[in-house]
Structure formats: structure tokens, C-alpha cells
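Chemist: One-letter residues, chain by chain:
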Amino acid sequence: MHRKSASNPFLEEVVATAPGGDALRTCLQCGTCGGSCPSGPDMDHTPRMLFAMINGGMREPVLRSNTPWYCVSCYYCTVRCPKEIPITEIMYALKRLAVRDGLYDDSTAPDFSKTFIHWVEDYGRSFELGLMGVHMIRHNPFGAFKIMDMGVGMVTKGRMGFAPTRIKALDGLKRILAKAKELEAQT
Amino acid sequence: MSEKVGVYICHCGSNIAGTVDVVELAKFAGELPGVTVSREYKFMCSSLGQELVAEDIKKQGLTRVVVGACSPHLHEKTFRRACATAGLNPYLMQMVSLREQVSWVTEDKALALDKAKAMISGGVRRVQLQEELEPTPVPVNPNTLVVGAGVAGIQASLELADAGYPVFLVEREPSIGGHMAQFDKTFPTLDCSACILTPKMSDVGTHEKITLLSYAEVEEVTGFVGNFHVRIRKRARGVDEVDCTGCGICIEKCPRKVVDDVFEAGMGYRKAIYRPFPQAVPKFPVIDRANCTFYERGTCKACEKFCPTNAIRFDQEDAFLDLDVGNIILATGWDLFDARRLSQFGYGRLANVFTNLEFERLCNAAGPTDGRIVLRDGVTEPKSIALVHCVGSRDKKTNPQCSAVCCMAALKFGHLVMEKTQAEVTSFYIDIRAPHKNYEEFYDRLQDEGMHFVRGRVAEVTDAARLPDEEGKLIVQVEDTLIGKQRRMPFDMVVLMSGLQPRADAREVGLRFGISCSMDGWFTERHPKLDPVATMTDGIFIAGVCQGPKDIPDSVAQGAAAASRIQGMIARGTVMIEPVVATIHEENCSGCRICNNLCPFNAIEFLAEKSVSYINAALCKGCGTCVAACPAQAITGAHFNNQQINAEIEGLLYDAVRGNGGAPKPVAVPA
Amino acid sequence: MKYSYFPGCSLEKNAASYDVSTRAVASRLGMQFTEVEDWNCCGATEYVSLNLTAAYSLIARNLAQATKNAGLDQVVAPCSACYLNLRKADKVLGQDAGLADRVGKALAAGGLSYKPGSLHIRHLLDVLYQDIGLEALGAAVTKPLSGLRIAPYYGCMIVRPSFHNGDDDPEYPTSLDKILKALGAEVVDYPMKAHCCGGHMTQISEASGFEMIRRLIKGADDYQTDVIATICPMCQLNLDGFQGAMNRHFSTNYHIPVLYFTQLIGLAMGMAPKDVGIGDEIVSSAKALIKIGTAVEPEPAGPPKRKKDDKSLPMPGRGGGVA
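Protein chains in written order, with our numbering: chain E, 1 to 187; chain C, 1001 to 1671; chain U, 2001 to 2323.
You may find that some hints are simply not true.
[Unchecked claim] Here are the computed lysine to any residue pairs in the SDA-like style, where the Cα-Cα straight-line distance is at most 25 Å:
1) U:K2287 to E:V134
2) E:K181 to U:K2218
3) U:K2311 to C:T1106
4) U:K2311 to C:S1384
5) U:K2091 to E:L24
6) U:K2274 to U:S2118
7) C:K1396 to E:V134
8) U:K2178 to C:L1350
9) C:K1397 to U:T2174
10) U:K2091 to E:D22
11) U:K2013 to E:V134
12) C:K1209 to C:D1261
13) E:K114 to U:K2088
14) C:K1473 to U:T2034
15) E:K157 to U:G2094
16) C:K1077 to C:L1619
17) C:K1301 to C:D1261
18) C:K1396 to C:S1516
19) C:K1473 to U:P2314
20) E:K4 to C:T1106
21) C:K1077 to C:T1136
22) C:K1253 to U:S2312
23) U:K2013 to E:K4
24) C:K1396 to U:E2171
25) E:K181 to U:V2127
26) E:K83 to C:C1402
27) U:K2218 to E:M148
28) E:K157 to U:E2012
29) C:K1234 to C:D1191
30) E:K146 to U:K2178
31) E:K157 to U:G2244
[To be verified] Examples of chain U residues toward chain C, derived with CB under 7 Å:
32) F2163
33) E2171
34) M2192
35) L2313
[Unchecked claim] Per the computed footprint, the stretches of chain E lying under chain C, defined by three or more beta-carbons under 8 Å from a beta-carbon of chain C, are:
36) 28-37
37) 41-54
Just so you know, these hints were derived from the structure itself, not from any lab. A virtual CB, placed ideally from N, CA and C, is assigned to each residue, including glycine.
Required output: the full structure, derived from the provided sequences and hints.
Modeler: Structure representation (C-alpha cells):
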């Protein structure tokens, strides 16, 4: 049984937005998550630091942090956390909150996810060429040259799809996702 | 009913009075049939409150007392004693729990008063049918059984034996000493562990009042407090204890070398015939039959050939001893957490990752390296050592508890490393737990001596180098939480501070003695704050880490505490058995034996000659199972007979009995 | 042995060799795969970063579609991300009543429904290891991969988070190691075997993404690995496709081919390389595969006898610290 914090609505928001998020209240600040994270050295704040900031009610700095966007979903933190806090799920929750409020300084990662899903919502399947094309033009225009050999290799070995695949019941999928978004907006 | 009942309603400060209208309640009680006097008072358990009861008994000639207060668990004894001192049999007093059952379960005052009235009414009706009862004295056998000869068991045994009472000390391993015998130095004094332990071990070995049964286990326990019967299995050493002089030639000549998994924590070797360590008590070696050539193939017999006193007995068998003791102390100790369960630390795969117990053996001058701190190759001295705290402790996935000793042990290790080598040593911790006398000062000392500390729970230990300066090292990857950055730090050696766990067979052992374990697996004490060495089973005590992780001073204190309790009982000579027990009326018993197997305390036996069942009052706990089960209603539960129970029920339904056609008056139920 | 088969987007084109080799091996082992009808993208790690209900609804549509394969309650996914998404969604929908309610309503808008717990979601590796078993796999081997040093690479999403169901160890899994051993290969004790390939990190931050790939390739190279065996198309793309770019970024010169474990199983079963998609990899496996079929390596001798002056301390072996 926990007492909801009236003085820290941000903590309550995060806990409510992540499935299983209640465990965050028991964080020991031991640092196992920050120690395990493969992309940790590249983050503004370690995951542990982010949780300390959430505990301190620092909503905007947390949501503006690049930490969740550098999370690679390796789940090492989740598996090692001595308090069984679902850390990766909390990172997803923070991303969702950041996107909803437009609170990120670097749009590379949010845009990547949005572009990826744009193809999925329009066709039912992901479309790599479309994703890479749009993303690179917007965020890494000279990047294409760096991986030219890979691109050529993919094409010559038949690993590159040139058109998106459309699923049959695409209308059904669109109705499902529209309804889902409507219900999500009400939470 | 011509009894004179006194009713006392306690305010318990505001605990009861804040919710229950105690004045109204006392007035109500005063009008109940049989009640002579009814009072309410702020704190009934105070001396003044008790005097109130005693005075009324004397002056008003009360024959029954009802106290409406807290739970009987807390003050039943208090009020019984108050009655007894005033000359009233203590079992003519009934406590009604107005606090735990009424004021602490609702905030609704109307509901609370209603329930309180019902309960007082029940108590008043019931108490008038209660009978005078006398506890039964049973003699206490002055022998004591101590199970486990680590430092707690040793301390308990010595205290009892020095007081002049016989002790049977049973130890599973070939020698006494337990884990403490494996350590090098102890914190915070840096006393050599063996140096402070072996004098006690020696005392145990030579004490005329202690019968040491080593390499033995308790097979069966029956009986009750003051009168236990135990069956001990003395395992076959393969060596005759009368003829053996302890010269050790057999050990020298034995050709079979085996990894010593127990005393050397897997770091060293012993022979198939062995003594766990040089100062072992008793001195007699043991033949490890699983690894002995003779038992495998029938050949060798080098020990027998060379023994100058013909003490080897290959055909020796386990022997059984039956003992009578008055009390039992369990001091069975702990197991080390198996660090291979946390594969991210690389224990078992990366050669130079050690556990704390392995490291103790390295540091110990009598250990496999004669006290040199070296890497797994047995030769190289490490230049950098990492100590990883909380391995298998404070972790919901393995053991949620803190193991109490590892922080201090890590500090100790730090000191030993800096004393014996030129290595730099770093502790990786979540918190430094240094609660007891001189512990914080020890932490300060180590900081001063130059030990390094990084606050962060180690994420992984790996040999996969990312950069050239990591090659060939063990990398500790951790978040330095005080800086807020992930660090990868290279070390030659990593020591995991593995946690303390209950023994693997703790539950089974507990059952054998009739005590229980908590969810975490440690033996359950009677009260965690006020009675940590007694258990819910009278006559069985626990001491040392088997009750929960603790350091040596606390283990010694608990051993002494348990011994002291037992000494008190022996000195009194008898122990009083509660009279709230069941009795079988022979005339009504048909010998159907339905009750026999229902008793959870094995208190019922069948007397074949008379063809009736019989309840041993000393074992009976008055649970009432047999009373309910007997088809002939031949069993009465004292203090809980049918008339008393029915009276209480009638009292509870006081407002249904009168008028209302038998249906209870409707009570407002909260929305 | 019948299963519903969920290939996932990658197996259509990018990881076609995984799909081809999987089907070939399955067929040889007598497994029957029925593709999930009109399946959609699982959303990878992208949708769940944008919208929770939509993300779970996207996954749940696949679960609903899978139930249309009558009598088949086992769904096998070769891609770790698809596997994790499907399994995690099934579990979370069974625990979080609010989310399950929203997802249920969303599915209904598309004329579908799904009852959490109706399906068993399995990764292909787990199915081959548990259902087929090492003995059957070994028996099917006609051209053992003798002499080939293979580093088994699990990546993260197959072993973590752990569902505690008798699944492989989340830190130090061994099922793929054992399968490769059963194929006759020399299995490398690869310390990075369950470390993350970085997922889409190359597209977010090159430095970070390439560094994660470098660690894995270096780790394999340090152990003289001939081939890295993967079980996930994302891992394969990162380690194989981006190996060149990673080399350029760090001025390193690694050349370690990355093949799907099903391709290796196929080769060991005597299938022709082109029939299991060999040649689709960017970093060519040709040189490494020359080794297969060469003289059989002698069985390694047991633990060496202790020399008289050997001072080394024994490694922990048995009960570990019990006194």
C-alpha cells in the first residue's frame, strides 16, 4: 500500500504511465542500472541519476534528458535491479511523456521512431528503405556516404526491399490504431 | 449464577477511548446480570490500575474479573497476577480485547461501541462459568542438548557447563569451531580468529561437564520442555576414539588428495583421511569414505599399516545414542550464498574472482597459501584488488536481507591486503554498515590507511577488454554514483562479499525439533524485539546466525542468553505447564482413536491395555482440535468447554436474545 | 511438431537467409510451420516509445491473428524483438487490467479479440533446443562443422527480461553454445555473448552505435573466432552490415562473418550453402567456411594432471562455499 505523493505529481505521473512502475518508489539508488547500461557513458544522466531527479520532482530536466533516447532496450538494468524495478519500461514511459509534451532538445531519436511507425501505420509492415531514406535526409545527410558499401552490398545481395509491403486487412489495422490512440489520449 | 463480577474498561490513553465511549460502556457493563462493580480507567495495566482490581477483589469480595483492554498476548499475565495476589484464582479472569478487536479496526464510533458492548457482554457471561485451574509443575532435566558447535554453540555450552550442568554438544562436522575457525582476523579488533576461538574450543574439549559428539547429527526428537528424548547418530569415523592418539601419521601417509570443499572453501586440498584443520577438536581424524581407495577398490590401507596404535577401523558403523535432556539450543549457523548464481560477476568462470570465504582462507596463515594473498595461479601477487559488496544480499532476486557482516569484513580485508601486500584495494558498496562498538571508527581507520571506496553496486565483472589498458585485467563496471558516471576499472583480483543464507536444510531441521522458519528461511524467534533466543516451542532455543545474520559478538551474546534462560529453568527445578489443556474422560472414550492423528502436537497416545486414548497434558497446547473431533464428546477443553463457549456467544448476541423475535437488531453499516 | 510461424518484417527481405534457412531446417527436422495470417509489424522498440495503447494493440493484432491457426497454440518467432514483443504483450495484458481493457476495445474496432494467456510464444532457438533437443540435432548432422571456431551470439532480447520459466540464463545463456557443439563446431566461450548490439543506435548516434558493435566484434576477434552465430536479424544487420563502417570509424580491420545459426545447422545437415542463404552476408563467410570438412580436431584431453610443483589453487567446482 503506498501513499500517493501530493508534493511530487511528476513521480506519480511516471509511476502511472509505466506498467509495474510502482516499484520505482523503492529505488535504493545503488547504481546497478547506471553501471550496467551499455550506452550509459553517452547519456546526459545515468538511469539512476534520472530516478533521483524524478524523486526530486524535476519534470522538465528529466523529460529533456537524452537518457531514455539512448536506451537500447537491452534490459540488463531490469534483470539486475535488486528492487525489481522495470527500468526499461520506465524509459519507454519517459519517452512517451517527452513526445506528448514535445520536450526533447535533440529530435533525432523521436523522429526515427515516428518515421518508423509512419510506415507501419500506412502499410502494416515496416519499410527500411523508406525509414533510412527519410531519416538520413533529415538527420544525417552525409551519413549515407559513410555506409555506401553496406547499401550497395544490401542491394546486390537482394536484401533491400524497394517497396513497402501492404497487409491485406490494412483498414482493420487503421481502425484498431485509431481507437487505441483515442483511448490512450483519455488516460 | 451468584457470582460477583468486576468489570474494568481501560482507556489505553486514547487508543481505546478515542474510538469507544468508555464511560457509556462501563455504565452498560454495570447493568449486566452478575456485575457488582464496573469501572473505566486510563491505564489498567499500570500499578494503580492493577491495584484497583486487587482492592475490589478484597473489599467487594469479587469472584470474577473481566478486563476490557488490549490483547491478552500483552497483558493477560499482568491481570492474572493481579488477581492472584489478591487471592483470586488467575483463571477466573477474562480479558476482552477492546483495542485490537474494536478500536484498532474501525474509526466508526457507533459501530465500535456496539461491538464493544457485545464483547463485554460475552466476557461477563463467560467468566461466570470459568473454573479455578492450577498449572502443572513438571521437573526439568538438568541436561542440555546444544546442536551446532560454532562460536554460539560453544559459548552456550561453556556457560551451562561452568554452572555445573551437563551438556551434550552435537556437531555435524568432524571438528567444532564452525565458520569462525575459517577466518583469519576478526573485525574491528583484528584479533586472530583462531587465537580467540581455540581456547574456548580447548575448554569444550576438556570440560568434564561437556560430552562432545562430533561428526554426529540429531535424528529424532520427542518429548516436551524439561523432558526431551533425543536420538543421535554418531557417524562412523573409521577411527577408534579410544586407541587414536591424534599423532596424524595416517594423514601423512594417505595417498589420496581431495579438494577440501568445506573448511578450505574449495581452495585447498586434504587427504581422504583428514582432520579439518590442525587445531581440530576433537583430534581424531575421519575417513571420507566417498574418496577413500579402500572403500572404492579394497586396496591401499596405508593408514592402517602405519597407525602405531591400531586405531583404524574400516568396518566401523554409525552408532546411535539415546539421550534425555531438559532443554535444547539450536546454534546451527549459516551457508554462504553461491556466487555462481549471479553470472555477471564471473565467479567460477574467471579465475581471479574469489568469494569472501575463499579470501579468508588465502589470508589465513594456516591456509592453502600459508597466508600469502596470491592469484589463482598460486604464485602471482595482485597489485589491485576489488571488493564487491552485497553479492546475494539486499537483492529481491536472491536474498532480500542485509547480511550484517560483509561491510565490516570488507574493511577488514582492506586492512589485511594493505598489511600483507603493496596492492591497492577498492570497496564497491551501496552503504557502509558499521553500527556497533568501534565499527565506525574502524571505517575511519581504513579510510585513513588509504583504502579506496566507490559508492556503486557493481554491475559486472568481465575480462572482455574494450581498450588496450584493459587487456589482461578483470574489469569492474560500475556507476560511481557520487560522481554520477559509469566507470570501468581494471583489477588483478576481485573478491565477492557473498551473503549469509540459512542452512540448506534449515526447514527440515526445524521440523525435526518442532520449530518453524520464517519465509526467508531463518529460525523464527518468539519475539523479534523482546525474546530473540526463545522459540514458540517451550524448551527449544536458538542462538547465533541461525536466527538471522549477525556478527560474532552478537552470536556469543545470544549463546550466553540461551544458556542463561536454561540455567534459570534448571535452577528452579520445575517448569509450570499451562492448565488450558484438553482431558479425555475415560468412561466416555470408546477407543476409536480418531483424535490420535489429529493432534498437531503429538500429545495423544493410545493406552492399549485400557483401550482408551490419553492426552499428555505437558504436550497439549489446548488448541481444541480433538475436542471438536471426538464423536462421543468425551474430551473437554479446560477453560474452553462447551458451556463457556455457548455463554460467550449468548453474550455477544445480547441484543438478539431479548425481544426482536430472535433476530439481531439492525446496525447501521458504513456506506 | 506444429507451430504458428511469425517471421517478422526483417525476414521478408533483409534477413531472407534467416527465413530460408529456418524453413529448410524445420522441414528437415519434421516441424510444420503455418505462417500467421496477414501478420503486421510488431512495432519493434519504436511504437512503445510513442504510444502505449497503440503499441500493445499493434502487437495484440498479431496475437489475435495467430489464434486463427486452429489447434496451434505455439507461436515461434525467429526474430528476438518480435519474440519479446509478442511474449511481453501477452504477459502484460494478463496483468494490467486497464491496458488490457483499452487494447481489447481497440482490437474490437478491427473486429478482433485476444484472450491473454491463450498462446505460448517461443523463440526459434528455444524451440530447437527444448522441443527438438540436442540428441536429435546431433543425429541429423552429416557434415560436422569440425575445426570451425564459432562464437554464439544471443544478443539481449531473447534472454532478457527473464520470464523465469525454465528459460536460459539471462546473463550467461548456454543453449546456443550447446547446439553449436552438437553440430561439431569448436564453440568459443564468448564473454560478450549476451551483450547488446545497440539496436537502432547507429541511426541515433553513430559514435555510440558503432562503439557497441566494435565491442562485440573485438570480443569475438580476441578469441580467434571464425564465425559469429546470431539468432536475431537486428544483431546480424548491426554486426554484419555495419562492420565496414565501424572499421572505418575506428580505423580497425576486423573481418568476421556473421551467420544465422539456422544457416550453420543447415550446413551441418549437409545442405548446399546457397540453399541456406550463404552469400547474403556483407562480410563474406567464404574464407571461414573453407575450414569445414577439414581433418577432425582431436578430442581435447581431460583436465591436466597436477604437476608436482604446481602451486595453483583449484577453481570453484562443487557446492561452492558450503561449510
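Chemist: Would you pick out the hints that fail for this structure and give their numbers low to high?
Modeler: Hint check: 1, 2, 3, 6, 7, 12, 14, 15, 23, 25, 29, 30, 32 fail, others pass.
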